[in-house]
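As you go down the protein sequences, you meet chains A and B in turn. Residue numbers are given in this note's numbering: position 10 of the first sequence equals residue 10, and the series is strictly consecutive. Residue numbers are given in this note's numbering: position 43 of the second sequence equals residue 43, and the series is strictly consecutive.
No false leads were mixed into what you were given.
Under 10 Å between C-beta atoms, here's a sample of chain B residues computed to sit facing chain A:
1) Phe34
2) Tyr36
3) Gln38
4) Ser96
5) Ile98
6) Pro99
For the record, the hints were derived by calculation from the structure and aren't laboratory data. No residue lacks a Cβ here, since even glycine has one placed at the ideal position from N, Cα and C.
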Amino acid sequence: GAGVSQSPSNKVTEKGKDVELRCDPISGHTALYWYRQSLGQGLEFLIYFQGNSAPDKSGLPSDRFSAERTGGSVSTLTIQRTQQEDSAVYLCASSYQPSYEQYFGPGTRLTVT
Amino acid sequence: QKEVEQNSGPLSVPEGAIASLNCTYSDRGSQSFFWYRQYSGKSPELIMFIYSNGDKEDGRFTAQLNKASQYVSLLIRDSQPSDSATYLCAVNRGGSYIPTFGRGTSLIVHP
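For reference, chain B alone in the conformation it holds in the complex:
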């Protein structure tokens, strides 16, 4: 089992819909969780980070963490074509300062 798993997609949603991106991780001791957005040909850009179980909201983005089930999700409300990108999940295992990145999910928001 890979340490951090994401569905590669592409996930295609219509403009205005909610996009739901999921990430599972294998180490129960993981403590820090991050979502990055990467446009084609660009570097990753931090969107959200979450440390505690539950939801964390920032504008149109909501990160959801469930440590018991070992998954973290990113919801994008009112999706826009400009949200079309690859979304990377990163997880810091307990005791490690090196985050493990998933391979990313490609999101396509079509008008």
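The following block holds chain A by itself, in its conformation from the complex:
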């Protein structure tokens, strides 16, 4: 079946612009996670959704970052007023239930110039 998809695959933006990253989880997966991975670094948790609710958004680095999920499916991560330190690969993962194994999308590589 279809896996997790993310769009765009690459995004280059100028400092100060807003960006939206999209994630389509595996159909039927109730839990959705956003992570960030900088070059050569580990996975950094950003936010977790159960259905449309975000019980844990403790990993969001600043109030410039926000995310929503609609219809228990698609999620959008929005970064306002992007900074160069926001440059990273943003990964989305979904799981059938929370604490189950996660399946990752291909990621969005964000470059802020």
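Got chain A sorted already, so can you dock chain B onto it with the hints?
Then chain B, alone, in the frame of chain A:
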């Protein structure tokens, strides 16, 4: 002490050998354990998950969990050059839905 620790490597093994990757965790209440493979420039790919003490085998891969000693291992039999990647260990602490990922071990399988 970090919550999930892995030796960063690189671990270098010859083709056909057994590669042994180890991961230790600090929370005794941890309940779910996962191994992911990540090729350079790609996203993590699930290899194995294990919940109970003991061994779990899937093809050339075996996950071993020892909750008393707080470690989980991944064995790769008959290692192939295509197994060369970074292997991430992830652990779900009891009561948490957010897995903690280790920094990963780089594996190099040389012909």
